[in-house]
Amino acid sequence: MTDRLLTIRNLKIEGRSDETWNPIINGVDLDLNRGEVLGLIGESGAGKSTIGLASMGYARDGVRISDGSVEFDGIDLVNASAATKRALLGKRIAYVAQSAAASFNPAHKLIDQHTEAPVQHKVMDRASSVEDGVELYRKLRLPNPEQIGFRYPHQVSGGQLQRAMTAMAMSCRPDLIIFDEPTTALDVTTQIEVLASIRDIVEQFNTAAIYITHDLAVVAQMADKIKVLLRGDEVEEADTRTMLSSPTEDYTKSLWAVRSFHRPEKPAIVTGSTPVVSLKNIDAAYGRVPVLHDVSFDIHPGRTVAVVGESGSGKSTAARCITGLLPPKSGYVEFDGEALPLDYRKRDKMQLRQAQMIYQMADTALNPRKSIGEIIGRPVQFYLGLTGKEKRKRVDQLLDQIELEPSMYYHRLPSELSGGQKQRVGIARALAAEPKFIICDEVTSALDQLVAEGILKLLAKLQDELGLSYMFITHDLATVKSIADEVVVMKDGRVIEQGGKSEMFQPPHHPYTDLLLSSVPEMDPDWLSTVLKERGVDNIGDAAVDKM
Amino acid sequence: MSSVLKIILQRLALGVLTLFIVSVVIFLAVNALPGDFAQSILGQGATPEAIAAIRKDLGLDQPLFTRYLTWLAGMLTGDLGVSFAQMNFQNSMGGGEMETVATQIAPRLYNTLWLAAVTAMIAVPVSIALGVLSALYRNSLFDRATNIFTLSSISSPEFFLAYILILFLAVLNPLLPSLSNIYDELSFAERFQRTLLPALTLTLVVTAHMMRMTRAAIINLLASPYIEMARLKGMSPIRVIVKHALPNALAPIINVIALNLAYLVTGVVVVEVVFVYPGIGQLFVDSVKIRDIPVVQACCLIFASAYVLLNLTADILSIISNPRLRHPK
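Chains as they are written, first to last, in the working numbering: chain A, 51 to 598; chain B, 1104 to 1432.
In case anyone wonders, no lab produced these hints; they're calculated from the structure.
Heads up, the beta-carbon is just placed ideally off N, CA and C, and yes, glycines get one too.
Check before you lean on any hint, since a few could be wrong.
[Said to hold, decoys possible] Beta-carbon label-pair distances, calculated as ranges: (1) A:GLU455 x B:PRO1431: 48 to 56 Å; (2) B:VAL1345 x A:GLU253: 36 to 44 Å; (3) B:ALA1135 x A:MET411: 47 to 55 Å; (4) B:SER1106 x A:GLU299: 29 to 37 Å; (5) A:ARG442 x B:PRO1340: 51 to 59 Å; (6) A:ASP79 x B:SER1106: 52 to 60 Å; (7) A:SER295 x B:ARG1241: 50 to 58 Å; (8) B:VAL1345 x A:MET411: 46 to 54 Å; (9) A:ARG66 x B:ALA1135: 57 to 65 Å.
[Claimed, not checked] Distance condition first, Cα-Cα at most 30 Å in a straight line; then the derived DSSO-like pairs of lysine-lysine: (10) B:LYS1109 x A:LYS189; (11) A:LYS62 x A:LYS420; (12) A:LYS159 x B:LYS1109; (13) A:LYS159 x B:LYS1346; (14) A:LYS486 x A:LYS507; (15) A:LYS507 x A:LYS441; (16) A:LYS511 x A:LYS420; (17) A:LYS443 x A:LYS541; (18) A:LYS330 x A:LYS172; (19) B:LYS1346 x A:LYS135; (20) A:LYS379 x A:LYS486; (21) A:LYS330 x A:LYS275; (22) A:LYS316 x A:LYS511; (23) B:LYS1109 x A:LYS379; (24) B:LYS1109 x A:LYS172; (25) A:LYS303 x A:LYS330; (26) A:LYS486 x A:LYS420; (27) A:LYS62 x A:LYS316.
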């Protein structure tokens, strides 16, 4: 076939750890025609990025292609010399990385990085490459395309950087682009713009692409066909619509089913009841930079309040005000109807133990040198004064509650646990203080969907058993749908809208809530086109909030 | 730009404060030296009256605090005072031209700065080039050889390196003079030629540190996503390192360079002695020997200023090399 661009046969990749080579990819085949977009999906550790890089003939340090072939347009990339590969990379095969902020060199202006590949590969001279860059920036609907290239990466927002990186990948008009989770680090309203831009430009230049993501709804918008991976093996491959409507493998079906977890609706709050936590007219600032403006909301016993908003909207700052880590400038925090000292240093032990936190990054929130038993035992001893056998008994109880076998996990270190297990330990540590109220700060966003669902179910179970109240900080509206009772929408440090879940997910909305809701990708492959049509393609650039 | 200016002004103010504190420390430390000038000049058999007379002459009988203030006031007005040794001559010989500490130190300081400059001109480019190359060919034979060579040279005593160089470059192959007695009448070329051997010795001493920091700072960055990006754009390994890693590694490298340059100004006594080079280090040691306090204090203050000034320059250069500070949002 003449239009076959990339052929991978029986690809095996190994990674080195502790002086031995362990398999990462166990023989994957892949075919890609010119102008075709393949979506690679799977959980973390499935080997998506490794395959993406291997299709460029590239393996990271400590990783090697041990067997199989990668043929790009008739060139054998596994056995090609470094010089041969360099001549292809950037010119005919380009890469768009997950974090544009980290993948742009902080020392050089965007346009200098843009023109590097065309100039070095002698595709065009600098002047015409600059001109072309500006044209691409315009096509990708970057604001101020004439000047934005002359900025340094730190002067440009994340979503814009991601588009500038797509422009950079396009600079030599490659035949193939590898998109490695290009929108994972972005807010939903930004993500939709970047998705639209990428899809447009790939179509326009008839570029083939491998689109790597763990988000099924995103891949549904972007790909012509989808390949599902699980721990280095292919599960199945089919064209997008077939894959979405009738997956054949159980694993794929389980991935598709994740979004179906919903808690039953709770009865409405009794009017006049005292909330567990109540924020009253909070204003807060970091130094002289104001962050929160007149924020008020209540959290009632046994209920979950989801606080949603994009990065920088002040969700986590509100949590810091409740815990007293950041004393607000004005306003106050009430606990069971009683005003708390604003600074945590002025709160007594009883007041402190009532509000506990679970963090987004379980990795960094657990002391790597302490065993699980010590980590959970510390608050047990500190707040409840238990020692010796009683302490051990209580820790074992807590481990049971988070569904980790005490005898197996008590002496382990955090590094010996998986991401989901670490997050469970974080939950147990919060429970150890026997609080009424727990702040969950993006607790599932670093986890794979199946694991995240397990955590959500656990939190729901604990709430039913212990009558806990949750403040659930998240940017993921699917999570909100599945567990929240009340929703608070924040933007730029203000509460835009709040109310019960069912009313929040039904129109009419505040326009911002509307934008937020409509930006969440859906599994329907036509979703992106529909939304763009509704919004009017021309103003997507303006539709989302310009965050500089 | 204004934020950079603000940081620089802050650093300048801090530098001045540091110098002030250093002046106190120097003064106290020098005065804590055992023995005094009167005792050492008059010898063992001196009468207490004679010693007291000289002490009074030199103002050594004043309380410490008064002496410090007098000295500080002199320093601030650019008057480094008069060397005790010179003053003594004047008293006993009755008049004549009296040499101030300033005129005594100036030519020596000039020589020292000249030697430091020649050394820096050789050592800095060589270290950075070696650092870049050993980062590029890391763990290769070249990398190991460079590491072994620079580490052995920094681990050897300076006089040993000096004699080895004399043996190879002056005795076996008479390319350079083994003595570096320089004076005003020399032409630039002659001066340079005579300085070359001590400069090469010092280059061997300072290269290891700068080269290893360059190598480490670059290798540290090689795992960054933007370095991977540059590789995936098909850039050559040397371009990846020079264009993408080096600009981001500048700050630590600049700091180590500053530290080594400061060493060149302040710590090269041994090399000066071996090559009979008339630098400030020898003057300093001689003055300590005879407790010539004004000269010792002036030298200390010059050394301290060199450190403060070079580190300040390094700070400012690192700030300027960081686009986040140069171009705020």
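Comparing the hints with the structure gives:
1. A hinted range of 48 to 56 Å holds for the C-beta pair GLU455 (chain A) and PRO1431 (chain B), which are about 53 Å apart.
2. With their beta carbons about 38 Å apart, VAL1345 (chain B) and GLU253 (chain A) fall inside the hinted range of 36 to 44 Å.
3. Take ALA1135 (chain B) and MET411 (chain A): their Cβ atoms lie about 53 Å apart, and the range 47 to 55 Å holds.
4. In this structure the supplied range 29 to 37 Å is violated for SER1106 (chain B) paired with GLU299 (chain A), their Cβ-Cβ distance being about 57 Å.
5. About 56 Å separates the C-beta atoms of ARG442 (chain A) and PRO1340 (chain B), a value consistent with the hinted range of 51 to 59 Å.
6. Evaluation of the 52 to 60 Å hint for ASP79 (chain A) and SER1106 (chain B) yields a pass: the beta carbon distance comes to about 55 Å.
7. For the pair SER295 (chain A) and ARG1241 (chain B), the supplied restraint of 50 to 58 Å holds, since their beta-carbon distance comes to about 52 Å.
8. At about 35 Å, the beta-carbon gap between VAL1345 (chain B) and MET411 (chain A) misses the expected band of 46 to 54 Å.
9. Against the hinted window of 57 to 65 Å, the Cβ-Cβ separation of ARG66 (chain A) and ALA1135 (chain B) comes to about 59 Å, which satisfies the hint.
10. With a CA separation close to 40 Å, the supplied pair LYS1109 (chain B) and LYS189 (chain A) exceeds the 30 Å bound.
11. Distance check on the hinted pair: LYS62 (chain A) and LYS420 (chain A) sit about 37 Å apart at the alpha-carbon level, beyond 30 Å; violated.
12. Taking the CA atoms of LYS159 (chain A) and LYS1109 (chain B), the gap is about 24 Å. The hint holds against a cut of 30 Å.
13. Between LYS159 (chain A) and LYS1346 (chain B), the direct Cα distance comes to roughly 12 Å. Compliance with the 30 Å bound is thereby established for this hinted pair.
14. Under the criterion of a C-alpha separation no larger than 30 Å, the hint pairing LYS486 (chain A) with LYS507 (chain A) is consistent with the structure, at around 19 Å.
15. For the given pair, LYS507 (chain A) sits about 27 Å from LYS441 (chain A) by alpha-carbon distance, which is consistent with the 30 Å threshold.
16. Annotation: proposed proximity of LYS511 (chain A) to LYS420 (chain A) holds, straight-line Cα distance about 28 Å (limit 30 Å).
17. Between the alpha carbons of LYS443 (chain A) and LYS541 (chain A) the distance comes to roughly 45 Å, so the proposed pair goes past 30 Å and is violated.
18. At roughly 62 Å between alpha-carbon atoms, LYS330 (chain A) and LYS172 (chain A) are farther apart than 30 Å, so this suggested pair is violated.
19. The straight-line distance between the Cα atoms of LYS1346 (chain B) and LYS135 (chain A) is roughly 20 Å, inside the 30 Å bound, and the hint therefore holds.
20. About 26 Å separates the Cα atoms of LYS379 (chain A) and LYS486 (chain A), which keeps this hinted pair within 30 Å; it holds.
21. Taken as a hint, the LYS330 (chain A) and LYS275 (chain A) pair is broken in the structure, with Cα atoms around 51 Å apart against an allowance of 30 Å.
22. For a cut-off of 30 Å, the pair hint linking LYS316 (chain A) to LYS511 (chain A) stands: about 14 Å separates their Cα positions.
23. Distance hint between LYS1109 (chain B) and LYS379 (chain A) is fulfilled; the C-alpha atoms sit about 28 Å from each other, no more than 30 Å.
24. With a CA separation close to 43 Å, the supplied pair LYS1109 (chain B) and LYS172 (chain A) exceeds the 30 Å bound.
25. Between the alpha carbons of LYS303 (chain A) and LYS330 (chain A) the distance comes to roughly 45 Å, so the proposed pair goes past 30 Å and is violated.
26. Annotation: proposed proximity of LYS486 (chain A) to LYS420 (chain A) holds, straight-line Cα distance about 26 Å (limit 30 Å).
27. Distance restraint check for LYS62 (chain A) and LYS316 (chain A): the Cα-Cα separation of roughly 51 Å exceeds the 30 Å cut-off, and the hinted pair is therefore not satisfied.
The structure fails to meet hints 4, 8, 10, 11, 17, 18, 21, 24, 25 and 27 from the earlier list, while all remaining hints are met.
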